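There are 2 protein chains.
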Amino acid sequence: MKNLEVCLTPALLPLFNIEGSIVVVIDIFRATSSICYGIENGAEAIIPVAEVAECAAYREKGLDYLLAAERDGKVVDGFDFGNSPFSYTAEKVSGKTVVLTTTNGTHALHMSIKAKRIVIGSFLNLTSLCNWLKQQPENILLVCAGWKNNFNLEDTLFAGAVAEQLKADAYKWDDATIAANDLYQLAQHDLNVYLKKSSHGERMKQLGIMEDIDFCLNVDITTAIPVLEGEKLVKLH
Amino acid sequence: MKNLEVCLTPALLPLFNIEGSIVVVIDIFRATSSICYGIENGAEAIIPVAEVAECAAYREKGLDYLLAAERDGKVVDGFDFGNSPFSYTAEKVSGKTVVLTTTNGTHALHMSIKAKRIVIGSFLNLTSLCNWLKQQPENILLVCAGWKNNFNLEDTLFAGAVAEQLKADAYKWDDATIAANDLYQLAQHDLNVYLKKSSHGERMKQLGIMEDIDFCLNVDITTAIPVLEGEKLVKLH
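The listed protein sequences correspond, in order, to chains A and B.
Heads up: the first sequence begins at 1 in the working numbering, then just goes up one per residue.
Heads up: the second sequence begins at 1 in the working numbering, then just goes up one per residue.
None of these hints come from the bench; they were simulated from the model.
Just so you know, not all the hints are guaranteed correct.
Some but not every residue of chain A turned toward chain B, in silico, with C-beta under 8 Å [unchecked claim]:
no.: 1; residue: T9
no.: 2; residue: A11
no.: 3; residue: L15
no.: 4; residue: N139
no.: 5; residue: N150
no.: 6; residue: L153
no.: 7; residue: D174
no.: 8; residue: D175
no.: 9; residue: L186
no.: 10; residue: H189
no.: 11; residue: V193
no.: 12; residue: K197
The calculated lysine to aspartate or glutamate pairs, modelled on DMTMM-like cross-linking and capped at a C-alpha distance of 20 Å, are [to be verified]:
no.: 13; chain 1: A; residue 1: K197; chain 2: B; residue 2: E164
no.: 14; chain 1: A; residue 1: K96; chain 2: A; residue 2: D72
no.: 15; chain 1: A; residue 1: K167; chain 2: A; residue 2: E202
no.: 16; chain 1: B; residue 1: K2; chain 2: A; residue 2: E202
Calculated from the model, a selection of chain A residues having no Cβ within reach of chain B, i.e. all distances over 12 Å [claimed, not checked]:
no.: 17; residue: S84
no.: 18; residue: E91
no.: 19; residue: K134
no.: 20; residue: L195
no.: 21; residue: S198
no.: 22; residue: E202
Treat the numbers as computed from the prediction; the structure is a model and nothing was measured.
Glycine included, each C-beta is placed from N, C-alpha and C at the ideal position.
Let the sequences and hints guide you as you build the complete structure.
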């Protein structure tokens with residue numbers, strides 16, 4: 001029987017068999033939502049990098065890349081944009097390559113680098129992602145980016161939403177998957193209301209990016225599945 | 001406002017301000033349940049040690065100590081007993097000092113050593129513990145021992161049960177506390193049924209210690225609060 005496991009924060013990744021799994025990286029507010037939206041909107045590629053300096057270094061390369069850097073929820077000074085989904089519209093990213101570094105999402109991605117395959121999940125592409133996952137013979141590991149290596153609710157809820165769609169299939173769930181799915185069942189009828197009580201919701205409100213939050217909780221408005229090929233996230237074909 | 005935080009596994013402890021908090025160590029199956037039971041039943045002290053060798057070393061000291069060692073759910077060969085609560089009856093431990101090492105619980109305890117104060121929680125002493133916690137001016141950090149540094153359901157549910165009792169008081173909850181409390185609310189009417197689906201329940205069934213599980217889910221059958229003083233867990237006065 002295949003495993004379906006949830007890694008609640010990147011700090012716990014050393015406990016999992018990454019090599020034998022398909023990893024879904026989850027950073028709902030906002031990196032993976034924006035990546036899904038950007039790839040859907042025709043971005044040629046999104047290159048996730050760990051450090052702001054690494055992102056800035058692309059400026060020297062003389063390429064026509066968009067540079068995006070976020071730290072602590074804000075666009076880093078001197079960059080084109082951060083990780084607001086509204087920066088990833090077709091108008092802005094179609095045909096372009098974006099270099100992106102974020103507080104949590106790109107960290108989780110780099111920590112998962114040994115996976116058989118890394119794909120990107122968000123509520124935006126939920127059902128499309130799950131339909132693809134069901135067809136894969138490998139174990140599945142859902143990696144929540146969390147907040148600075150700690151647990152957060154929104155990424156866990158999304159892991160629970162994936163588990164919900166894979167329920168009819170024969171996976172062996174670990175405790176974190178059971179918990180994530182139970183929390184999702186509680187929250188699913190109004191994710192936004194449920195998340196209002198979360199720490200991140202509070203943080204977002206203070207940052208004045210409530211519209212971003214609302215957008216990131218749209219379910220199934222995209223179908224593209226971003227997949228890591230080499231150093232680039234591209235559309236899965 | 002005071003913080004009420006849940007550390008879902010010892011691997012996440014570096015993320016918390018341990019020094020400024022009262023830490024409650026939680027290892028429901030079975031270390032902290034057995035410690036609560038042993039102290040209630042008149043054990044003079046329980047000395048938690050990290051390693052089996054450390055526990056064995058007490059044999060050389062010529063003291064009248066009981067030596068208890070558990071690894072992977074089983075009593076280690078050559079030891080008086082492990083961490084089954086039925087080894088901690090008044091008949092066996094009254095007036096005695098027990099030296100104890102376990103897979104998860106003693107690890108979590110040693111990782112928390114810098115706390116302002118370390119107390120031991122389990123369903124057995126839930127209300128007594130919470131009544132005492134409410135009177136403390138410090139932040140509270142509930143540390144789930146988990147299973148080999150990963151998340152587990154039973155310790156998380158207990159953290160949620162503590163949160164439930166502290167709800168009327170003004171604490172600031174982190175996301176993990178919210179999640180733990182929501183899961184507890186789902187499970188509270190029959191903890192045993194809820195935990196049957198957990199990985200640890202499965203593990204325990206295979207080890208043939210279902211009676212231990214049932215016992216560890218008894219709520220409020222003791223009132224003693226074990227507290228760490230120096231290297232010893234003793235009854236809080």
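Does A:N139 hold up as a contact with chain B if the rule is Cβ-Cβ below 8 Å? violated (15 Å)
Given a cut of 8 Å on the nearest C-beta pair, is the interface hint for A:L153 held or broken against chain B? holds (5 Å)
Minimum C-beta separation from A:K134 to chain B exceeding 12 Å: can you confirm that? holds (22 Å)
Non-interface label on A:S198, tested against every C-beta of chain B at 12 Å: violated (5 Å)
Less than 8 Å between beta-carbons is the criterion; does A:L186 satisfy it with respect to chain B? At about 6 Å, which falls below the 8 Å cut-off, the nearest Cβ of chain B leaves the hint on A:L186 intact, so it holds.
Satisfaction of the A:V193 interface hint, Cβ to chain B closer than 8 Å: With Cβ-Cβ at 13 Å, over 8 Å, it is violated.
Classify the label on A:E202 as holds or violated, using whether its beta-carbon is more than 12 Å from each beta-carbon of chain B. violated (10 Å)
Was A:S84 rightly flagged as not at the interface, with every chain B Cβ beyond 12 Å? holds (22 Å)
Starting from A:K96, check that the Cα of A:D72 is at most 20 Å away, please. violated (25 Å)
Taking the closest Cβ pair, is A:A11 under 8 Å from chain B? Because about 6 Å separates A:A11 from the closest Cβ in chain B, which is inside the 8 Å limit, the hint holds.
Is the interface hint satisfied for A:D175? The criterion is a beta-carbon contact with chain B at less than 8 Å. holds (5 Å)
Mind checking the CB of A:N150 against every CB in chain B and telling me if the closest is under 8 Å? holds (5 Å)
In the structure shown, a violation is registered for the earlier hints numbered 4, 10, 11, 14, 15, 20, 21, 22, in ascending order.
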